[in-house]
Amino acid sequence: MGIPYIIAPTEAEAQCAVLAKAEKVYAAASEDMDTLCFDSPVLLRHLTFSEQRKEPIQAIHLDKVLEGLNMERKQFVDLCILLGCDYLDPIPKVGPTTALKLIREYGSLEKVVEAMEKDPKKKYIIPEDWPYEDARELFFKPDVRPADDPLCDFKWEKPDMEGLVQFLVTEKGFSEDRVRSGGARLEKNLKSSQQARLEGFFKVMPKTDEEKAALKRKLDVKNEEKKKKQKQEKKDKAANKGRPRGA
Numbered sequence: 016m017g018i019p020y021i022i023a024p025t026e027a028e029a030q031c032a033v034l035a036k037a038e039k040v041y042a043a044a045s046e047d048m049d050t051l052c053f054d055s056p057v058l059l060r061h062l063t064f065s066e067q068r069k070e071p072i073q074a075i076h077l078d079k080v081l082e083g084l085n086m087e088r089k090q091f092v093d094l095c096i097l098l099g100c101d102y103l104d105p106i107p108k109v110g111p112t113t114a115l116k117l118i119r120e121y122g123s124l125e126k127v128v129e130a131m132e133k134d135p136k137k138k139y140i141i142p143e144d145w146p147y148e149d150a151r152e153l154f155f156k157p158d159v160r161p162a163d164d165p166l167c168d169f170k171w172e173k174p175d176m177e178g179l180v181q182f183l184v185t186e187k188g189f190s191e192d193r194v195r196s197g198g199a200r201l202e203k204n205l206k207s208s209q210q211a212r213l214e215g216f217f218k219v220m221p222k223t224d225e226e227k228a229a230l231k232r233k234l235d236v237k238n239e240e241k242k243k244k245q246k247q248e249k250k251d252k253a254a255n256k257g258r259p260r261g262a
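Under our numbering, the residue at position 90 of the sequence shown is numbered 105, and the numbers go up by one with no gaps.
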């Protein structure tokens with residue numbers, strides 16, 4: 016189809032963030048919220064969802080997130096690590112409200128960890144293998160191609176019409192007329208002097224008060240289920256400890 020692409024050395028979201036910061040792309044599209052930790056200015060979610068799911072595309076702007084939380088990027092990354100990320104599991108009993116409270120109270124993950132370890136009541140138990148400093152380093156210094164790398168100079172190419180027909184029609188059974196018609200539209204758009212904006216493909220629809228309330232209820236239910244699961248796991252662990260060996 017002539018769509019330009021790049022193979023990321025490691026994390027795709029990190030590479031997309033670099034391209035978005037350099038304005039070589041509009042945004043990074045992913046369901047992974049860790050994308051914001053890589054400093055992508057804009058994150059698009061639900062971009063590839065099917066029409067049947069009727070999920071509006073979400074555009075999350077990092078500057079507005081930081082402004083709303085009244086945080087710098089380092090504190091935001093610490094908050095995300097504390098909640099659990101791709102590199103580390105979350106700390107038991109630490110949900111969004113608690114994590115935000117701890118970061119605001121202590122200012123950094125180092126001080127949060129220190130306070131947890133010195134707490135005589137041991138309210139929060141940090142997992143044994145929890146290298147948060149390494150995780151932070153991966154967010155701030157990911158292995159990516161710099162935006163000025165020649166491989167990052169994207170250029171839309173003319174679609175391979177016969178290749179499309181071979182794959183979609185011969186191998187997958189699509190209508191040849193529809194495939195060739197779609198390919199012709201791609202070629203026509205390539206001749207346009209200006210790339211179309213995202214809004215030209217998707218209708219921007221702000222969330223209604225009802226949708227916001229429904230989303231809040233959904234998150235509350237999810238958090239409650241998570242708490243119940245953690246409570247049950249704790250009970251099961253305590254019960255297993257109480258059993259005599261060999262029982």
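Calculated directly from the structure, the hints in this document are not laboratory data. Do not take every clue at face value.
[As the list claims (entries may be wrong)] The list that follows gives simulated cross-link-like pairs (lysine-lysine, BS3-like), each with its CA atoms no further than 25 Å apart:
(1) Lys-136 - Lys-246
(2) Lys-116 - Lys-36
(3) Lys-170 - Lys-69
(4) Lys-39 - Lys-136
(5) Lys-252 - Lys-242
(6) Lys-108 - Lys-203
(7) Lys-136 - Lys-69
(8) Lys-69 - Lys-36
(9) Lys-79 - Lys-243
(10) Lys-116 - Lys-233
(11) Lys-170 - Lys-36
(12) Lys-108 - Lys-36
(13) Lys-233 - Lys-244
(14) Lys-116 - Lys-242
(15) Lys-233 - Lys-137
(16) Lys-244 - Lys-108
(17) Lys-69 - Lys-39
(18) Lys-137 - Lys-39
[Stated by the list, open to error] Label pairs and their in silico Cβ distance ranges:
(19) Lys-244 - Asp-163: 44 to 52 Å
(20) Lys-246 - Asp-163: 28 to 36 Å
(21) Leu-205 - Phe-182: 43 to 51 Å
The C-beta atom is built at its ideal place from N, Cα and C for all residues, glycine as well.
Okay, the hints, checked on the actual structure:
1. Lys-136 - Lys-246: Holds: Lys-136 and Lys-246 sit about 17 Å apart, inside 25 Å.
2. Lys-116 - Lys-36: violated (30 Å)
3. Lys-170 - Lys-69: Violated - the C-alpha atoms of Lys-69 and Lys-170 are around 32 Å apart, more than 25 Å.
4. Lys-39 - Lys-136: violated (51 Å)
5. Lys-252 - Lys-242: holds (15 Å)
6. Lys-108 - Lys-203: With Cα atoms ~56 Å apart, Lys-108 and Lys-203 exceed 25 Å; violated.
7. Lys-136 - Lys-69: Given pair Lys-136, Lys-69 is violated - Cα atoms ~47 Å apart, limit 25 Å.
8. Lys-69 - Lys-36: violated (30 Å)
9. Lys-79 - Lys-243: Outside the cut-off at roughly 32 Å; violated.
10. Lys-116 - Lys-233: Satisfied, since the Cα-Cα distance of roughly 22 Å is no more than 25 Å.
11. Lys-170 - Lys-36: Cα-Cα ~18 Å, so holds.
12. Lys-108 - Lys-36: Given that 25 Å is the threshold and the Cα spacing comes to 35 Å, the pair is violated.
13. Lys-233 - Lys-244: holds (17 Å)
14. Lys-116 - Lys-242: Judged against 25 Å, a Cα distance of about 17 Å means the pair holds.
15. Lys-233 - Lys-137: violated (31 Å)
16. Lys-244 - Lys-108: OK: Lys-244 and Lys-108 at ~11 Å, within 25 Å.
17. Lys-69 - Lys-39: Judged against 25 Å, a Cα distance of about 29 Å means the pair is violated.
18. Lys-137 - Lys-39: violated (48 Å)
19. Lys-244 - Asp-163: 44 to 52 Å: Hint holds: Cβ distance 47 Å, inside 44 to 52 Å.
20. Lys-246 - Asp-163: 28 to 36 Å: violated (51 Å)
21. Leu-205 - Phe-182: 43 to 51 Å: Hint violated: Cβ distance 20 Å, outside 43 to 51 Å.
Checked against the numbered hints given earlier, this structure breaks hints 2, 3, 4, 6, 7, 8, 9, 12, 15, 17, 18, 20, 21; the rest are met.
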